[in-house]
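K.L.:
Given next are the chains, with one letter for each unit.
There are 4 protein chains.
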Amino acid sequence: MDATSLNAFMQREFPQVASQFRIERVAPMQADVRLLVGEQHLRPGGTVSGPSMFALADLAMYAVLLAMIGPVALAVTTNASIDFMRKPEAGRDLIGRARLHKLGRTLAVGDVLIVNEGSEAVLARSGMTYAIPPRR
Amino acid sequence: MDATSLNAFMQREFPQVASQFRIERVAPMQADVRLLVGEQHLRPGGTVSGPSMFALADLAMYAVLLAMIGPVALAVTTNASIDFMRKPEAGRDLIGRARLHKLGRTLAVGDVLIVNEGSEAVLARSGMTYAIPPRR
Amino acid sequence: MDATSLNAFMQREFPQVASQFRIERVAPMQADVRLLVGEQHLRPGGTVSGPSMFALADLAMYAVLLAMIGPVALAVTTNASIDFMRKPEAGRDLIGRARLHKLGRTLAVGDVLIVNEGSEAVLARSGMTYAIPPRR
Amino acid sequence: MDATSLNAFMQREFPQVASQFRIERVAPMQADVRLLVGEQHLRPGGTVSGPSMFALADLAMYAVLLAMIGPVALAVTTNASIDFMRKPEAGRDLIGRARLHKLGRTLAVGDVLIVNEGSEAVLARSGMTYAIPPRR
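Going down the list, the protein sequences come from chains A, B, C and D.
Going by this note's numbering, the first sequence opens with residue 238, and the numbers climb by one from there.
Going by this note's numbering, the second sequence opens with residue 238, and the numbers climb by one from there.
Going by this note's numbering, the third sequence opens with residue 238, and the numbers climb by one from there.
Going by this note's numbering, the fourth sequence opens with residue 238, and the numbers climb by one from there.
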């Protein structure tokens with residue numbers, strides 16, 4: 238799946254969340270996803286909340302997984318770890334850069350670096366594992 | 238701080254999120270927090286999303302920290318790991334049971350078990366570290 | 238499997254490591270394992286090294302898994318997170334208290350608290366996932 | 238500190254472990270460390286054990302930290318997460334490639350990819366946080 242078909246799939250399957258995110262780029266074993274930062278993601282001071290960054294990491298990993306194996310709505314996160322390192326800047330979108338390290342038959346493992354748009358400073362780093370449901 | 242003053246503090250400082258949560262119980266080094274499950278937390282099939290469970294774990298750890306050290310709005314999560322084990326049941330609130338293992342001068346470390354209200358089956362388990370800002 | 242048969246199994250299958258550990262107690266979904274602290278586990282100052290505590294957590298989770306499903310030498314760790322909170326005391330054994338939260342068909346998830354023998358202060362806390370090989 | 242001075246420092250401060258490792262390369266915010274695989278690291282079948290890979294990740298992160306801030310023997314790991322993805326090949330050394338994402342005043346955060354020498358397939362990925370003691 239390419240970025241256009243991924244965005245269409247997200248809008249269809251996850252209408253509650255898809256409007257907050259946009260898949261920007263997919264490549265073999267990689268995907269970049271944007272969090273369109275809005276009021277609901279902010280904490281006092283204008284910084285993006287930790288759970289919003291977690292949601293971005295989770296979605297970016299899901300995007301790269303779907304890009305590789307096709308539309309499998311039922312893939313689920315089994316484990317995630319996340320380090321929060323720097324405060325996001327107020328009023329800037331976030332980009333999650335996901336990279337798969339292993340795409341197995343039942344498990345996919347990768348990591349996600351989160352940056353502010355236009356910056357290289359890593360705000361958060363997440364390792365994620367998805368369970369892939371058996372294919373029929 | 239007790240549960241009542243914690244809920245009031247949350248409403249004042251984090252009005253965007255406080256209405257989704259309720260601190261139910263605090264005890265030394267422990268707190269139970271409820272996620273009042275609504276439309277915005279759900280995935281297709283009626284299950285609660287992973288990021289919503291992460292947000293519950295994060296808030297439960299914040300609650301026990303505030304209960305112990307008082308209203309320090311600027312404590313921030315530095316690291317979290319979470320294992321998702323079972324699907325939440327549709328239409329049931331979630332309870333996050335936070336427990337501090339260490340309350341140091343600059344770091345607090347604990348874990349959170351997430352269950353459906355009225356059940357003992359662990360849906361998710363999270364380890365969390367908060368950085369405590371210097372007190373003046 | 239009970240503690241005696243687990244210790245015998247470990248001696249037979251993992252002679253390199255089994256002499257450093259002793260399974261002390263098993264109960265449904267729980268096991269306590271002792272690290273018999275020796276020279277090779279120490280850092281300057283007499284404290285037990287982080288990798289030695291990781292090895293204890295890993296073995297304690299393996300012990301509770303074997304206690305529940307029988308001798309499956311090929312179960313492997315797929316993910317672990319560990320928080321180091323306090324320095325172990327010099328010259329004291331460590332106890333890892335493992336607890337399974339979920340024993341599925343292909344994955345087992347639990348956590349381990351590490352304490353000094355005779356103390357309740359948590360030195361380290363680990364969450365662990367094991368992959369269980371298909372049974373024939 | 239460069240690779241030569243790091244190896245000398247390790248031999249002096251950690252003689253128990255230094256003979257198992259060799260710092261191969263340091264660069265700004267990066268270090269590559271080799272695990273000289275020996276009998277004590279192996280599991281049945283000739284694969285390198287999980288705790289040995291954890292020890293490599295831990296040492297590689299320590300090496301890059303020392304390379305950046307100088308010989309601070311007392312920096313300690315506060316948190317680590319590790320995903321084990323593929324079995325190491327028997328009879329091959331392992332390389333841990335550490336990269337710092339943040340070097341703060343009190344915390345350093347980075348990750349480590351572990352590969353077999355001469356291969357690019359990621360065997361394990363670890364995120365690590367070190368606490369840096371106050372400098373006088």
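It should be emphasised that the hints constitute simulated quantities derived from the structure, not laboratory data.
Be a bit skeptical, because a hint or two may be false.
[Said to hold, decoys possible] Pair by pair, the computed Cβ-Cβ distance ranges are: (1) A:Ala368 to B:Gly275: 35 to 45 Å; (2) A:Val313 to D:Ile306: 23 to 33 Å; (3) D:Ser256 to B:Gln277: 52 to 62 Å.
[Unchecked claim] The following residues of chain D were derived to be distant from chain C, with all beta-carbon distances above 10 Å: (4) Asn244; (5) Met266; (6) Glu276; (7) Arg280; (8) Ser286; (9) Gly287; (10) Pro288; (11) Asp295; (12) Ile306; (13) Ala317.
Quick reminder that beta carbons are idealized off the backbone N, C-alpha and C, glycines included.
K.L.:
Now tell me, hint by hint, if it's right for this structure.
P.N.:
The hints, checked one at a time:
no. : hint                             : in the structure
1   : A:Ala368 to B:Gly275: 35 to 45 Å : violated (26 Å)
2   : A:Val313 to D:Ile306: 23 to 33 Å : violated (40 Å)
3   : D:Ser256 to B:Gln277: 52 to 62 Å : holds (56 Å)
4   : Asn244                           : holds (17 Å)
5   : Met266                           : holds (22 Å)
6   : Glu276                           : violated (7 Å)
7   : Arg280                           : violated (7 Å)
8   : Ser286                           : violated (8 Å)
9   : Gly287                           : violated (5 Å)
10  : Pro288                           : violated (4 Å)
11  : Asp295                           : violated (6 Å)
12  : Ile306                           : holds (18 Å)
13  : Ala317                           : violated (5 Å)
Checked against the numbered hints given earlier, this structure breaks hints 1, 2, 6, 7, 8, 9, 10, 11 and 13; the rest are met.
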